[in-house]
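The chain contents come next:
Number of protein chains: 2
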Amino acid sequence: MSAVATSAADAMARAKAAATNVLHAATGAAAANGEPATRGGADHAARIHQSVVHRSPLHAARLSYRPRMPPLLRGCFQVLEGDATSAESDEDTIRGLFPVLFGQPTVALVPNRGTPVTMGNVLRVGFVLSGGPASGGHNVISGLFDHLHERNMDSKVFGFIDGPSGICTGTYIEVTAELVDAFRNQGGFHMVGSGRTKIHSPEQFAQARATAEKLQLDGLVVIGGDDSNTNAMLLAEDFAAHGLKTRVIGCPKTIDGDLRNQHVEMSFGFDTATKVYSELTGNLGLDAISAKKTFHFVRLMGRSASHITLEVALQTHPNLTLIGEEVEAKKQTLAQCVNAMVELIMERGKLGKNYGLIILPEGVIEFMPDVWALIQQLNDILAGGSVSFDQVVVKLDAQSRNLFLLLPRTFAEQLMMDRDPHGNVQVSKIESERLFIEMVSNELAKRKADGE
Amino acid sequence: MSAVATSAADAMARAKAAATNVLHAATGAAAANGEPATRGGADHAARIHQSVVHRSPLHAARLSYRPRMPPLLRGCFQVLEGDATSAESDEDTIRGLFPVLFGQPTVALVPNRGTPVTMGNVLRVGFVLSGGPASGGHNVISGLFDHLHERNMDSKVFGFIDGPSGICTGTYIEVTAELVDAFRNQGGFHMVGSGRTKIHSPEQFAQARATAEKLQLDGLVVIGGDDSNTNAMLLAEDFAAHGLKTRVIGCPKTIDGDLRNQHVEMSFGFDTATKVYSELTGNLGLDAISAKKTFHFVRLMGRSASHITLEVALQTHPNLTLIGEEVEAKKQTLAQCVNAMVELIMERGKLGKNYGLIILPEGVIEFMPDVWALIQQLNDILAGGSVSFDQVVVKLDAQSRNLFLLLPRTFAEQLMMDRDPHGNVQVSKIESERLFIEMVSNELAKRKADGE
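Protein chains in written order, with full-length UniProt numbering: chain E, 1 to 452; chain X, 1 to 452.
Just chain E, with the same shape it has in the complex (with noise of 0.2 Å):
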């Protein structure tokens, strides 16, 4: 008892220290995270420099890191030209689109002992960071500024302020190796922000054309994900189409893994999730292994992909894991999945092991057909206003009803509530394990009751 009172005690001095920082946060900028006070302008980096100086032991801990680089990178090399490049598929459709860029040569980087990188051509290279944060994205800017400087010291980086809109607008920043040194190895895009703006209207590509030419650049590197790389692919075929000198590099960065193909191994974002998620989960399998009274449902990120879930079942070794891909090629049903998981706590419940580990993508459920045709009539039905839970039992299809009715009320009320601008039912509002956990409950406590 004394050591709860000493502590609560304790903990209001702390309290009170902690409510001034919160004050000083509130008016000040979050000096601590290396924010900038303002943002755009040519003050920018300045700012930042003044918010970086008083460095945590985390960032100076993670700036000791030196990642390992690829043994070609470290020496000199050269680029070579391969085969021409084509589409997987819809080749024609492509070529339409990108008259000047399509058919061009593979490159590949290769040893070159000949000529010191030290005596490359000044380049002047911008960036962008698009989308979600992932960390890697400052150990790209990092490796690029390194590797120019390496070539020729009077080469310039700039970064775009907050995303795309930055190269519409013109808002940057020149990267200086002060800069450079304070992010390495740190996650975040807080070096200059990120965005979602696609750059798709005639005005748009004027203004990029406008900042590239201004910035005299010889490259622009795009950081993001499918979107991104596609609108980079975009700039690309418009500059060159215009005569710019600007060449255009995507950078593949996406947390949904769906970036891989013989060229890209991982991408950023993914490695990291990945990672994060399987030390999580593989916590909650310590905990039903240690505690042996608990199944734990764990809802990973993953509409369309399963990628995540299946890179961390690999990892984690859970009893069952859902993969939404499967779901589909297989046409497993709710009802089904749901059987799955009442199936296995009862076979290891037989073994007296009333414990374990599942876990899904938060869209799993969007790859079932029978779901799938009850929201194809639930839009119909709900599309001439309101109608009541019972009027939509009574309209629904057999298949579609028995679902509608198999489904807990709250979440078949939440269906027919929370709909999207467009009056469509928002099936991925639904949190999926929520849903699994009482589905399984119910279906465990229906069976206890029968007997079973």
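Mixed in with the good hints there might be a few duds.
To be verified - In silico DMTMM-like cross-links for lysine to aspartate or glutamate, where the CA-CA straight-line distance does not exceed 25 Å:
1) X:Lys448 / E:Asp418
2) E:Lys293 / X:Glu431
3) X:Lys429 / E:Asp418
4) X:Lys245 / X:Glu150
5) X:Lys429 / E:Glu433
6) X:Lys429 / E:Glu438
7) X:Lys429 / E:Glu362
8) E:Lys330 / E:Glu431
9) X:Lys429 / E:Glu431
10) E:Lys429 / E:Glu328
11) E:Lys448 / X:Asp418
12) E:Lys429 / X:Glu438
13) E:Lys214 / E:Asp146
14) X:Lys275 / E:Glu279
15) E:Lys429 / X:Glu431
16) X:Lys293 / E:Glu362
17) X:Lys446 / E:Asp420
18) X:Lys275 / E:Asp271
19) X:Lys448 / E:Asp420
20) E:Lys293 / X:Asp380
21) E:Lys446 / X:Asp420
22) E:Lys429 / X:Glu362
23) E:Lys395 / E:Asp370
24) X:Lys293 / E:Asp146
25) X:Lys350 / X:Glu443
26) X:Lys293 / X:Glu443
27) E:Lys275 / X:Glu438
28) X:Lys330 / X:Glu279
29) X:Lys293 / E:Asp418
30) X:Lys429 / X:Asp380
31) E:Lys293 / X:Glu362
32) E:Lys429 / X:Glu237
Everything labelled a hint here was simulated from the structure, so no lab data went into it.
Position chain X relative to chain E; hints supplied.
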């Protein structure tokens, strides 16, 4: 597009591999986690040993860590008795509960260069893991094992299976060097499992004495939180009163951070939880200053104590932190806390910063005097059976009525519906961060409509 297609095909192949894993795991043991195939009995250790032969890279990396030992424990030391202990408060009551042990001397370890520790007696010591698992538990066991065996190779360490119930039933394993080595620096409590049984009946105390006598225990180490340490004290008193030689040692493990005093700088569990939470919360802070479009509301563990939130606030510097004890001391109402958040958001908006980080302990609203008053009245009103929303509104006093109507309707209805077996309103089921998100959004919309 080709990247997506390749990746999806790839995913299907891996999904099949994962499905195979699932079937294996569902019928066999989750061997990858080092889980024992069956529990209890003398063959427990052998089975665990079998299941830890195949070590993952993470397991191996953790094994290679060498914890830092306090210099005193690295050399020879002896135990020195000091002043008699007492109680911070309720001295007479506590003396009455522990007539044999009350007033024991404090003890200190001091260097002793005269006698080498290897000359110690053979000791037989049991241990039990209690409550939620925490990183560090297996290292308490390793440290105990190492020290006893350094003193005398013939010492024995016994681990009771699945928590305090293992003491009563006499279910244990004898810990071997091989077993300890497999669990060094590993999280979880799965070497022997954990449990939450309290030893309280005369029969249970008699069973515990029988086990201690049968195993000729010199000591019993109870690794757990405040309840478990109270139980350890009762067990110690009972053993002493019956003349057993078994000394009971409490080892403070808790996530709540409420076992701190001048002798306990930090409990394990709290240390891990605040580090993990700080990393995740800090990541959200970086997300906020990178994407510059989101206010993150983070709910952290902590119902009756806000120590975790306080520690995470000190590590991550959010823009606003609610501390339950501070809310209580200042008698802050729910509306006042919502207004503080709204004003923070508006002030930051004026600076062009439409993003930020707000953190709070899960139990914070239970510290608010107006919420407390509302709950009392709801308990009275709902005790008589089913009452409609409108009837509840009429029966509340003016202050509670205002608060009840201020709550988003879904939360108000949840309070009415979701009651515990005694019929009491379960404010603890309210997800406080969602409540604040909705109330803050509503208030911001209201002020916007009012032209602010």
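Hints versus structure:
For the given pair, lysine 448 (chain X) sits about 24 Å from aspartate 418 (chain E) by alpha-carbon distance, which is consistent with the 25 Å threshold. Only pairs whose Cα atoms come within 25 Å are accepted, and lysine 293 (chain E) paired with glutamate 431 (chain X) is accepted, the gap being roughly 23 Å. Only pairs whose Cα atoms come within 25 Å are accepted, and lysine 429 (chain X) paired with aspartate 418 (chain E) is accepted, the gap being roughly 22 Å. Annotation: proposed proximity of lysine 245 (chain X) to glutamate 150 (chain X) holds, straight-line Cα distance about 22 Å (limit 25 Å).
Of the pairs offered as hints, the one joining lysine 429 (chain X) and glutamate 433 (chain E) holds, with about 17 Å between alpha carbons and a cut-off of 25 Å not exceeded. This hinted pair checks out: lysine 429 (chain X) and glutamate 438 (chain E) have alpha carbons roughly 16 Å apart, not beyond 25 Å. The hinted pair formed by lysine 429 (chain X) and glutamate 362 (chain E) meets the criterion: a straight-line CA distance of about 23 Å does not exceed 25 Å. For the hint linking lysine 330 (chain E) to glutamate 431 (chain E), the alpha-carbon distance of about 23 Å falls within 25 Å, and the restraint holds.
For the proposed pair lysine 429 (chain X) and glutamate 431 (chain E), the alpha carbon gap of about 17 Å is at most 25 Å, so the pair holds. Restraint check for lysine 429 (chain E) and glutamate 328 (chain E): the C-alpha separation of about 20 Å stays at or below 25 Å, so the hint holds. Between lysine 448 (chain E) and aspartate 418 (chain X) the CA atoms are separated by roughly 24 Å; this keeps the pair inside 25 Å, and the hint holds. With a C-alpha separation of about 16 Å, the suggested pairing of lysine 429 (chain E) with glutamate 438 (chain X) holds against the 25 Å cut-off.
Only pairs whose Cα atoms come within 25 Å are accepted, and lysine 214 (chain E) paired with aspartate 146 (chain E) is accepted, the gap being roughly 24 Å. Taken as a hint, the lysine 275 (chain X) and glutamate 279 (chain E) pair is honoured in the structure, with Cα atoms around 14 Å apart against an allowance of 25 Å. Note on lysine 429 (chain E) and glutamate 431 (chain X): the hinted pairing holds, with a Cα-Cα distance of about 17 Å set against a maximum of 25 Å. Distance check on the hinted pair: lysine 293 (chain X) and glutamate 362 (chain E) sit about 23 Å apart at the alpha-carbon level, within 25 Å; holds.
Restraint check for lysine 446 (chain X) and aspartate 420 (chain E): satisfied, since their Cα atoms lie roughly 22 Å apart, inside the 25 Å limit. A threshold of 25 Å between alpha carbons decides the hint, and for lysine 275 (chain X) with aspartate 271 (chain E) the separation of about 21 Å falls inside it, so the pair holds. About 23 Å separates the Cα atoms of lysine 448 (chain X) and aspartate 420 (chain E), which keeps this hinted pair within 25 Å; it holds. The hinted pair formed by lysine 293 (chain E) and aspartate 380 (chain X) fails the criterion: a straight-line CA distance of about 35 Å is larger than 25 Å.
About 22 Å separates the Cα atoms of lysine 446 (chain E) and aspartate 420 (chain X), which keeps this hinted pair within 25 Å; it holds. For the hint pairing lysine 429 (chain E) with glutamate 362 (chain X), the CA-to-CA distance comes to about 23 Å; that is within 25 Å, so the pair holds. Proposed proximity of lysine 395 (chain E) and aspartate 370 (chain E) is supported: the alpha carbons are some 16 Å apart, at most 25 Å. Our distance criterion of 25 Å between C-alpha atoms is broken by lysine 293 (chain X) and aspartate 146 (chain E), whose separation comes to about 31 Å.
Straight-line distance between C-alpha atoms of lysine 350 (chain X) and glutamate 443 (chain X) comes to about 17 Å, which keeps the hinted pair within the 25 Å bound. Distance check on the hinted pair: lysine 293 (chain X) and glutamate 443 (chain X) sit about 19 Å apart at the alpha-carbon level, within 25 Å; holds. Among the hinted pairs, lysine 275 (chain E) with glutamate 438 (chain X) is inconsistent with the structure: their alpha-carbon atoms are about 32 Å apart, more than 25 Å. With a CA separation close to 30 Å, the supplied pair lysine 330 (chain X) and glutamate 279 (chain X) exceeds the 25 Å bound.
At roughly 23 Å between alpha-carbon atoms, lysine 293 (chain X) and aspartate 418 (chain E) fall within 25 Å of each other, so this suggested pair holds. The hinted pair formed by lysine 429 (chain X) and aspartate 380 (chain X) meets the criterion: a straight-line CA distance of about 19 Å does not exceed 25 Å. With a CA separation close to 23 Å, the supplied pair lysine 293 (chain E) and glutamate 362 (chain X) stays within the 25 Å bound. This hinted pair does not check out: lysine 429 (chain E) and glutamate 237 (chain X) have alpha carbons roughly 55 Å apart, beyond 25 Å.
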